[in-house]
Amino acid sequence: MLVLLPPSEGKAAGGSGAPLKPEALSLPGLAPARAAVLEELVELCAADELKAREVLGLSEGLRGEVAKNAELRTAGARPAGEIYTGVLYDALGLADLPAAARASAEEALLVFSGLWGAVRVTDAIPSYRCSMGVKLPGLGALGAYWRGPMAEVMPEAAGDGLVLDLRSAAYGAAWKPKGEVAGRTATVRVLHAQIVDGVEKRSVVSHFNKATKGRLVRDLLLAGAAPASPAELVTALRDLGYVVEAEAPAKAAKAWSLDVVVTQIHH
Numbered sequence: 000m001l002v003l004l005p006p007s008e009g010k011a012a013g014g015s016g017a018p019l020k021p022e023a024l025s026l027p028g029l030a031p032a033r034a035a036v037l038e039e040l041v042e043l044c045a046a047d048e049l050k051a052r053e054v055l056g057l058s059e060g061l062r063g064e065v066a067k068n069a070e071l072r073t074a075g076a077r078p079a080g081e082i083y084t085g086v087l088y089d090a091l092g093l094a095d096l097p098a099a100a101r102a103s104a105e106e107a108l109l110v111f112s113g114l115w116g117a118v119r120v121t122d123a124i125p126s127y128r129c130s131m132g133v134k135l136p137g138l139g140a141l142g143a144y145w146r147g148p149m150a151e152v153m154p155e156a157a158g159d160g161l162v163l164d165l166r167s168a169a170y171g172a173a174w175k176p177k178g179e180v181a182g183r184t185a186t187v188r189v190l191h192a193q194i195v196d197g198v199e200k201r202s203v204v205s206h207f208n209k210a211t212k213g214r215l216v217r218d219l220l221l222a223g224a225a226p227a228s229p230a231e232l233v234t235a236l237r238d239l240g241y242v243v244e245a246e247a248p249a250k251a252a253k254a255w256s257l258d259v260v261v262t263q264i265h266h
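Under numbering that gives the first Met the number 0, the residue at position 130 of the sequence shown is numbered 129, and the numbers go up by one with no gaps.
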């Protein structure tokens, strides 16, 4: 099973560890593209704070993120699983997973990134600010920029098992499974169901959507679940107590869409 995750906007400080070693990152086929994004981002942030803030969509209060980006090559690096914070990662709770579940997470989880393309949670990276929605002056929109490099490396990274895609739309733009890989891919939407005037209403709640996805992955890891297909994933989630609605797609080379329906919002 390969689990595709979005990163988090907020990130932990890089700390005092050794600086980035680009050659040590997973998916080495992405190295040239990573180098190009890193070079432009560092140069942009080192040269013109105001322009960098405009490009990155940062407010005055986040100007420190620009200075942080300017020092990416020398800043301390930590495992990506420690750098990414926020609702989904809080719910996933990598730090306190038992050893077996942690080992499964290190093998299964792949975090998409505007700067790195994608990294595993064990990859040591510095804290940074560069979302997939950014349009760099030289390279253009990062979602489009990454499509070529991702198309080269992701089919092999996906292996021959289930691909559980929990990315947001912006990060999904960087790679869309095709053909045979798409047929064993499942995307998940979290719906909050409540009764209003005697009628069930369903809505997507951003915060809870992220939290539920984090808990869902955590529960699969703790259970030692290893679904090999979308159909097996539906069974595994239902066995874990989730309410899942899903139908097999009409065409074989289409991803499955799963709705996880919840009635209570937990933070």
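Be a bit skeptical, because a hint or two may be false.
Derived DEER-like restraints, expressed as beta-carbon distance ranges [as the list claims (entries may be wrong)]:
{"id": "1", "residue 1": "Arg72", "residue 2": "Ala150", "range": "23 to 31 angstroms"}
{"id": "2", "residue 1": "Leu221", "residue 2": "Lys175", "range": "25 to 33 angstroms"}
{"id": "3", "residue 1": "Ala247", "residue 2": "Ala35", "range": "22 to 30 angstroms"}
{"id": "4", "residue 1": "Glu199", "residue 2": "Asp95", "range": "33 to 41 angstroms"}
{"id": "5", "residue 1": "Ala247", "residue 2": "Glu199", "range": "38 to 46 angstroms"}
{"id": "6", "residue 1": "Gly63", "residue 2": "Lys134", "range": "20 to 28 angstroms"}
{"id": "7", "residue 1": "Glu70", "residue 2": "Pro136", "range": "16 to 24 angstroms"}
{"id": "8", "residue 1": "Glu179", "residue 2": "Ala143", "range": "23 to 31 angstroms"}
{"id": "9", "residue 1": "Lys177", "residue 2": "Thr234", "range": "24 to 32 angstroms"}
{"id": "10", "residue 1": "Ser228", "residue 2": "Glu53", "range": "44 to 52 angstroms"}
{"id": "11", "residue 1": "Ala249", "residue 2": "Gly60", "range": "43 to 51 angstroms"}
{"id": "12", "residue 1": "Asp238", "residue 2": "Glu53", "range": "32 to 40 angstroms"}
{"id": "13", "residue 1": "Pro27", "residue 2": "Gly139", "range": "21 to 29 angstroms"}
FYI, nobody ran anything at the bench for these hints, they're computed from the structure. All C-beta atoms, glycine included, are put in the ideal place defined by N, C-alpha and C.
Going through the hints against the structure:
Distance hint check: the CB atoms of arginine 72 and alanine 150 are about 28 angstroms apart, consistent with the given range 23 to 31 angstroms. For leucine 221 paired with lysine 175, a C-beta distance near 30 angstroms keeps the hint of 25 to 33 angstroms intact. Between alanine 247 and alanine 35 the CB atoms are about 40 angstroms apart, so this pair departs from the stated range of 22 to 30 angstroms. The supplied range of 33 to 41 angstroms is met by glutamate 199 and aspartate 95, whose beta-carbon atoms lie about 36 angstroms from each other.
In this structure, alanine 247 and glutamate 199 break the distance hint of 38 to 46 angstroms, their C-beta atoms being roughly 24 angstroms apart. Glycine 63 and lysine 134 have their C-beta atoms about 22 angstroms apart, which keeps the hinted 20 to 28 angstroms range intact. Roughly 20 angstroms separates the CB atoms of glutamate 70 and proline 136, a value that falls within the hinted 16 to 24 angstroms. Between glutamate 179 and alanine 143 the beta carbon distance is about 24 angstroms. The supplied range of 23 to 31 angstroms therefore holds.
Taking the beta carbon of each, lysine 177 and threonine 234 are about 26 angstroms apart, inside 24 to 32 angstroms as hinted. At roughly 45 angstroms, the beta carbons of serine 228 and glutamate 53 sit within the given window of 44 to 52 angstroms. Checked against the given bound of 43 to 51 angstroms, the beta carbons of alanine 249 and glycine 60, roughly 49 angstroms apart, stay inside it. One distance hint, 32 to 40 angstroms for the beta-carbon pair aspartate 238 and glutamate 53, is violated here, with the actual separation near 49 angstroms.
Proline 27 and glycine 139 have their C-beta atoms about 24 angstroms apart, which keeps the hinted 21 to 29 angstroms range intact.
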